[in-house]
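Chains as they are written, first to last, in my numbering: chain A, 1 to 246; chain B, 1001 to 1769; chain C, 2001 to 2148.
I should point out that these hints are in silico values taken from the structure, not numbers from a laboratory. Source: prediction; values computed, not measured. Treat the hints with care, as some may be off.
Below, computed lysine to aspartate or glutamate pairings styled on EDC-like, alpha-carbon distance capped at 20 Å [as the list claims (entries may be wrong)]:
#	chain 1	residue 1	chain 2	residue 2
1	A	Lys121	B	Asp1754
2	B	Lys1561	B	Asp1182
3	B	Lys1590	B	Glu1706
4	C	Lys2069	C	Glu2092
5	A	Lys121	C	Glu2092
6	C	Lys2069	B	Asp1315
7	B	Lys1590	B	Glu1730
8	A	Lys121	B	Asp1157
9	C	Lys2069	C	Asp2016
10	B	Lys1196	B	Asp1315
11	B	Lys1561	B	Asp1315
12	B	Lys1485	B	Glu1643
13	A	Lys121	C	Asp2091
14	B	Lys1196	A	Asp17
15	B	Lys1590	B	Glu1705
16	C	Lys2069	C	Asp2040
17	B	Lys1590	B	Glu1643
18	B	Lys1485	B	Asp1536
19	B	Lys1561	B	Asp1521
20	B	Lys1485	B	Glu1613
21	A	Lys121	C	Asp2040
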Amino acid sequence: MSARVAVVVFPGTNSEDETLRALAAAGLDAEIVHWSRGAAGLRPFDAYVLPGGFSYEDRVRAGAVAAHDEAMDAVIEGAQRGKYVLGICNGAQTLLEAGLVPGTGPLRRPTAAFAPNASGKFQSQHVYVRLNVSPGRMPMLASLPPRCVIPAWASHGEGRLAATEAELDRLQADGHIAFVYCNAHGDDVPAPNGSARGAAALTNAAGNVLAIMPHPERSERAVYAPSGGVVFFAAFAAALAAAVRA
Amino acid sequence: MVAIDVDALIEQRGRIGVALTPDEIRAIVAHLGRLPTETELFAFDAQWSEHCSYKSSRQHLRKLPVDGPTVMQGPAEDAGILHLGTWNGESYGVVIAHESHNHPSQVVPFEGAATGIGGIVRDVLCMGAEIIGLADPLRFGRLDDPHCRYVAQSVVDGIAAYGNAIGVPNMGGDVYIDESFDDNVLVNVVALGLVKESEIIHSKAPPHSIGYDIVLVGKATDRSGFGGASFSSLTLDDADAEANKGAVQVPDPFLKNVIIRASYRVFEELRRDNIVAGFKDLGAGGFAGCSAELCASGGVGAEVELDRVPTSQPDLPPAVVAIGETQERLCWIVPPSFTSRLLAIYNEEFSLPRISRGAAAAIVGTVVEGGRYRATYRGEVVMDVDLDFLTGGVRYNRPYTVALPNPPAEPPSYEGFRDAASALTALLAHRDVCSRRAIFERYDGVVRGTTAIPPGYADAGVICPIPGAPLGVALAVAGNPRYGKLDPQLAAEHAVVEAVRNVVAVGARPLGLTDCLNFGDPTVPEHLGALVAAVDGLSYAARRLGTPFVSGNVSLYNQSKSGRTVAPSPIVACVGAIDDVAVTATMAFKRAGSAIYTVGIPDIHLGGSVYAELLGIEGAMVPRLDYDDIERANAFVLAAFREGLIAAAHDVSDGGTLVALAKMAFATHDGPRIGLATEPGARDGIVCDDAFAEATGFVIEVADEEAFAMLAFARDVVVERIATTTAAYEFAFADGSRASLDDLYEVWSAPLRDFYATAPARAPEPVER
Amino acid sequence: MTSVERAYVVSLTIPDNEAYTALTTLVRIGLPVDRAVRADVWIVTLDPARAGAVDAAVPTFEGMFNPNKHRLEIRADAAPRAGEVWIMPRDERPAITIGGRMIEGVHGVRRCTAWRLLDAHGADVPPALLERATEMFLCNPAFQEAIS
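Produce the entire structure from the sequences given, and follow the hints as far as they go.
So this is what it looks like as structure tokens:
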């Protein structure tokens, strides 16, 4: 029996179609589930993906309103029970606002945030990100080779990791910084959005929830650069298959 | 009633806030046999405005070619449709619409530009299409002026905010800077859609629709945007600035995002049950304008109850309810058997009322027999007019004079640059050549996951909108104001030729065109004459190249009361199709050791060129266009792409051949860093203008081992080898000069890199503009 | 050269969707709030001799103020009133433009959001409730601080 993945859509989400296609291309049984189906509608699923966009128009803060939406109750419950949760861009912001990532504080009391870019502006550009933790640290992407470099596309106005210095030190020490910005060869580069510690993605302590700002799912048809999505989603699918078997 | 008699009405018209002329008012009174109600007056004001009726330009627009084998639907509705190709047994059309939002963007730039995007995507949606791409040709005033800079920044912010939020990728655009736009920015927007030919929805009441429901969907109507249609048909003036601000609409891309998705659901339901509906978006003229046009074009009438229009402010006068231009609204005509399902989709499944206070889908009227439009409000009839008279509008045969450009004197001798390297350095820093990355980086170019080539990577953006299908769609724009100032007719021809070449440069076969004519005051013969000349140019070029116009727009009165008028600006968009996107390529050089060829016979005239401007060369002619050569060159490039012979290509435009080559090298800047060396004797000698002439054709990169095969293809085209790519990241010129491409990249990147930086430290006291 | 702080508080006269969504979220969280009121605040550090000129210029900046949808309140004491909380980005360098323009005499500009929560009678909610709302939703301490 294969895992069923819910692509959770809030009002204002805009990347659900390509996220669904990326999951389907990796062999996953995935389905778009609207916010209006509530927590009950989401509970039956085995994994959750929160795609990019501008849920609730980024009112108050990006991801803040979605984090309190009833649908998120099911995602939080599932994450606490070990289900895999992937948040991309606005989805990542929502996971941080929900306190699921890094998960170093109480639920819905964020200890880290993807805050406005250093430039103060929305930026859209091709990037590379490098796996910054050992494969065992993050079961949901365990089959990615160590230090693997994934091409992606950063398209956001609030992607700068922000937290207190003490928290940032802890995030680094405890392996929460799952991906960092790099060049095509995997060498560290300053994050284009000014993100602290070059962080492009964060994970929680158990490694079953990932919040990644750059999009791995938009390069399906890319002629301009190598496609990054296939490797990333293949690893996610492999992890899900292993989790279902276990 | 607004006045006691027609003379009083005419006298008060400015205070009431309508732009109708005395003769127009007299014609209305004569037709009605009475004075118009306030609602009717504003309805005529909107429908008969330049913006809605094209009264000064329509007769000239008839010259444009609109037919051809690629046309699925011509300019009759809000968007045109071209044949894209077939996949899985279905014939697909690419929908294209092109509009301007110039006046609103000058007055309140963020909202003006944002609502421009909002409006253009609705035009595409209403054909029953999925919205798949956007482009934004922009014309800004001089950026060292703080106000011009502020307007430019806010325009880009507005376009980004709206396009990014609704999740439609930007595929390209352009930016030109000229002092003639200092007081009148030009903001043109283009949107693309995808629709199956069998599933097109039309913006007219369908056959047999007597008794159908008229359903209004979207944002609750409020006072915002009242007066927009006539506002865009009048010259801007400081004193009107405050009043003008109220006439600018309020964008809501969040609500629009949800409305778009809900509408796609409605499309599904209609198609499943084979129901034919009418669908049109509300723009100029508000609800009355939209529903009137829906009914007029369907040959039916309407009975409307304005009380049933969802509003967010109580006690709005009926004129505001009927004519106000609140954004994010659409209008359906559907059979009553479908209405409850329609309402449920918008109001429940997509919970519009919870997304935006007061937003809803609501039945507001009924389609009736005959040709009248009748609207009531609180039991009173506030509109009762003949639809043909309302929507037919007026036509003016205004006088115009076409200034023939002076025949050029023998171009004066001039002092050129010291060498090719210093020439290229100067050109790359020019305002119309330098990198626009700081601008297009604001736009999401890859949302939806269909992008093959995003903005900045080639002359045209390319997307693959049909999942699983190799069909590609390319989009590019063009329209050079430096040419416009010298020769509007030729400038228009160049706009067509360049837009087409930009699409060919990614291996796409051009399907068709749209145009926006941005000009001055049509009551001034010289300005109307420039428009007439431009239409002639567009027609001629489009006919010669076999690319019809399927949609377009006219924006007049782009001038300030002080008399400064924008450069004649015919702006063209070209959409193309790639049968198999595997043949396309970005403009970046692909490897060292490749051969670089020019393609096409250049016409070496420097009029309007960046080179001429930098050297102060005056009196030169704008380049002539040899259409036979252009057609052969285009055909050759397309065939070579299909054969896999072209590694990279670029159209030669602003700055000429050396600039085109530099840009191809810059595209490798972050890897694999490929430079080039010019062939001895090739066109870069400083005494030879060839290297800096514009509109000469293409430059292409061909792998060395493919050169022989390529030349065999090029039997009837002039190709000349001019350079070889090198592993050294530098540009080596035949005259012995060299330049580091890193240095040149910096020169090219620097001028607009600080586009969003603060104004200069010693800015003058802010003056109310 | 002396420097004072002045606050330009801009709120919407048309319906404020953001405040409405904030309210529905607070209610979902279980807080007894009846209405949420929001404003954008520009805290401007300026040369006091230029205050009049800046006051006159601000209403002409479309980036900040549109008379058809905004009201503007100018406060000589740049601080939240009783019942108000200001949510400020932490560690942000002040800008030098205001509303996209530069004006002589303006030394620094910081922006924040002002919130006020009201009960069913239209009165400010108790300070403890405002504080809870701030902690639970209005402020993200990872990059924002709340001033009241």
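### Hints breached by this structure
Result: hints 4, 10, 11, 12 break, sorted rising.
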